[in-house]
Amino acid sequence: MRAGFRLPAPSVVLAASWLFAIVFVAILADLIAPYDFAAIDLRNRFAPPVWLEGGSWSHPLGTDDIGRDLLSRLIVSIRISLFVALLGTLIGAVLGTLVGFVAAHFKGWVDDLLMVAIDFQAAIPFLILALAVLALFAETFWVFILVMGFYGWERYARIARGLSLAAQEQGYAVALDLLGARPARIYLRHILPNIASALFVNMTLNFPETVLLETSLSFLGLGVQPPLSSLGSMVGFGRDYLLSAWWIAVLPAAVIFLTALAFSILGDWLRDKLDPTLRESP
Amino acid sequence: MGLLLVRKLVRASITVLLLVTAVFLILRASGDPAVMMLGVEVSPVALENFRDRWGLNDPVWVQYVIYLKSLAQGDFGRSYIGDRSAWDVVAERLPATLILMVSATVLAVVAGVLAGVLAALNRNSWIDRLVMIIAAAGFSAPNFVLGIFLIVLFGAIWQILPTTGSDTFWHGVLPVLTLASADAAVFARFTRSAVLETLNQPLMRTALAKGVPYRAAVLRHALPNSAIGLVTVFGLFVGRLVSGAVVTENVFAWPGVGSLLVLSVENRDFAVVQTIVILIGITMVCANLLVDLSYLWLDPRTRRTRSRT
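Going line by line, the protein sequences match chains A and B. In this text, residue positions in the first sequence follow our numbering: the first is 1, and each later residue adds one. In this text, residue positions in the second sequence follow our numbering: the first is 1, and each later residue adds one.
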C-alpha cells in the first residue's frame, strides 16, 4: 500500500460533520433557537413540521402538545444532553482515576477492597443501579449528574491502576520517590501526564455511552426533569402522541440515533487508524 | 479444576453479599425509613411505633444482621402498595419478562451469528456490506429509539401490529425485535471478525490440506474455534439484555419486571425496587459464573493454565 494521506470514507466525513454540527448547536443554542424553548402557544398546538401538510415556516419542526416550538426545544435539549454527558464523563474520569491511583499506591488490602468494588460495579448493569439510587434521592438535576458521573468509573480505575503499577517501576517514578516527592505530587504531576492518553481514549468511548444512558433514563422519566428538557425526555413526552403527532417523538429520536451512529462510525475509523494490527489486508 | 470452581463460587457469593450490603447502605443513607414509609404528616408516636416494629432503633449492625437473615429466609419486605409481599409482586411479573428475554436471546443469537458467518464467508461482497451497515445501525440505535421508530412504522403508519400490552403473540413481535436488534448487531459484527480470523489460521489450512471439503472445514473446524470468543461477548450480552428489557418493556407497556421497576422507582416502593435489584444482581452473577465455566468446557487450554496459577 502506498504511504501517504488518503481521504477518509464519505461515511466518516458525514459522521464528523454531524458531530461538529451538534456541538456547534449545543454551544450556540441561545443564539440560534428561534423561540424561547418554554414559550407556550396554545393556539398553535400540534403544528406539523414544514414538509408535511399544514406545516409552516413559523415553526419549521412543528410544535408540541402545548404549542412549544420543537426546533427550539430540540436545540436546547441537544445542549442539555451533551452538557450532562460531558460533566458525567469528567466526574467519572476524575473519580475513577483517583481510585486507580489509591489502589496502585497503597496496594495490599486497600487494593483488594477497591478491586472487589471494581469487579462488583462491572458485574451489575449500571442502568439498574442508577434506577435504585434515583428511587431514593430527590430527582434534582445535580443528583442526576452525579449518578451519571458514576457511570464507567471502574474502567478508568482499572486503567489508572494498571498503568500506575507499571509506571512505579520506571526510573522517573523511582527517582522522584527517592528525591522525597510526596505521593500526590508523583501521581498527579508525573504519572498522570504519562498515562493520560489511555484515560483520554477511554473518555471518548465513555462519552457516547453516557449520552445514551442519559437519554434512556430521561426517556423513562427519571432523568432530566421539566422545565428542563433533554433529547431523551423529549422522546418520552412525545410518545403519548405517537399515533397522532409522531414528529414530536421521532425528531429527537432521530437526532439521538444519528449522533450515536456518527460516534460509532468515527470510533471504528479511529480504532482502525490507531491500531495497525487490526487493519485488514486488502 | 475443583479448586478453581470453589474460587469462582466464593467470588460470586462475595459479589452478591456486596450488592445486598450496597442496597442496605443506600436505603439507610437516604433518610429515615419510617418517615419515608409513613410520610412526615403522621404523629411522632406512630413513627416511634414503626421504628420499634422494624427494629430501626437498634444499632446499625444489628439491623444489618436482621436484614441479611430475613433475605436469607426469602423475606424481601412488603410492598406498601396493596401491602403484599414484595416477592409476590415481583414474581407475578417474571413470566412476561422471561418470555421477552428468552425470545430476544434466541433471535439475537440466531440472526446475529448467521448474518456474521454469511458476511465473513462472502467477505467484501454486497452481502457483507449490507450486513455490516445494518449491524452498525442496529448497534447504534438505543432500545427506546428503535422502539419508537417501530411503533410509528408498524402501529401508526401501516397499522399492522399492536404496540402496547402482551395479550397475543402479535403483541410480542415489536418488543422482541426491539430488544434483540442491538445484540444481534453485536453478535453479527463479532462473529464476522472471529470467523475471518479463524479462516486464516493454520488449523484451516491443515483441514483443507488433509482433504476436508471447504464446507465441512468451516462447520467442523473454523466455527467451533470462533465460538470461544463468542462466549465472552455473551457475558456482556446478559447485562445489556437486562437493561434493554427495562427500557423496552416501558416503551411497549409490556407487563414485566422492567415496567414494575420503573413504576416502583416512581412510587418510591423501596421493597419492590430492592427485590428487583437483588434478583438482577444474582442473575448477573450466575451468568458470569456460567460464562467462566463454559470457557473451561470450550477451551481445554484454560483448564491447565488457570489451575496452575
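Please keep in mind that the hints were generated in silico from the structure rather than gathered at the bench. Fair warning: this is a prediction, and the values are worked out from it, not measured in the lab. We treat Cβ as the ideally placed atom computed from N, Cα and C, and that holds for glycine. A few of these clues could be false.
To be verified - Counterexamples of contact, computed for chain A against chain B with all Cβ distances above 10 Å:
1. 19
2. 27
3. 125
4. 131
5. 239
Stated by the list, open to error - Quick list of in silico lysine to any residue cross-link-like pairs, SDA-like style, CA-CA up to 20 Å:
6. 8/B - 17/A
7. 8/B - 114/A
8. 273/A - 47/B
9. 8/B - 113/A
10. 273/A - 17/A
11. 8/B - 112/A
12. 8/B - 273/A
13. 8/B - 119/A
Said to hold, decoys possible - Covered by chain B, per the in silico footprint, the following chain A stretches (three or more residues, Cβ under 8 Å):
14. 134–146
15. 243–251
Evaluated hints:
Distance check for residue 19/A against chain B: the nearest CB is about 13 Å away, which clears 10 Å, and the non-interface claim stands. No beta-carbon of chain B comes within 10 Å of the beta-carbon of residue 27/A; the shortest separation is about 24 Å. At the 10 Å boundary, the C-beta of residue 125/A falls inside the reach of chain B, the nearest C-beta of that chain being 4 Å off. With a minimum CB-CB distance of about 5 Å to chain B, residue 131/A fails to clear the 10 Å threshold, and the non-interface call is violated.
Not every C-beta of chain B lies more than 10 Å from that of residue 239/A, the closest at about 6 Å, which undercuts listing it as non-interface. Only pairs whose Cα atoms come within 20 Å are accepted, and residue 8/B paired with residue 17/A is rejected, the gap being roughly 48 Å. For the proposed pair residue 8/B and residue 114/A, the alpha carbon gap of about 18 Å is at most 20 Å, so the pair holds. For the given pair, residue 273/A sits about 63 Å from residue 47/B by alpha-carbon distance, which is inconsistent with the 20 Å threshold.
A hinted pair counts as satisfied when its Cα atoms are at most 20 Å apart, and residue 8/B with residue 113/A qualifies at roughly 17 Å. Between residue 273/A and residue 17/A, the direct Cα distance comes to roughly 19 Å. Compliance with the 20 Å bound is thereby established for this hinted pair. Between the alpha carbons of residue 8/B and residue 112/A the distance comes to roughly 16 Å, so the proposed pair stays at or under 20 Å and holds. Simply put, residue 8/B and residue 273/A have alpha-carbon atoms about 38 Å apart, too far for the 20 Å limit, and the pair is violated.
A distance of roughly 13 Å separates the Cα atoms of residue 8/B and residue 119/A; the hinted pair therefore holds under the 20 Å criterion. With a threshold of 8 Å between beta carbons, the proposed coverage of the stretch 134–146 of chain A by chain B holds, since 4 of its residues qualify and at least three are required. Coverage of a stretch by a chain is defined here by at least three residues with a beta carbon nearer than 8 Å to that chain's beta carbons; for the stretch 243–251 of chain A and chain B the count is 4, and the condition holds.
Checked against the numbered hints listed earlier, the structure breaks hints 3, 4, 5, 6, 8 and 12; every other hint is satisfied.
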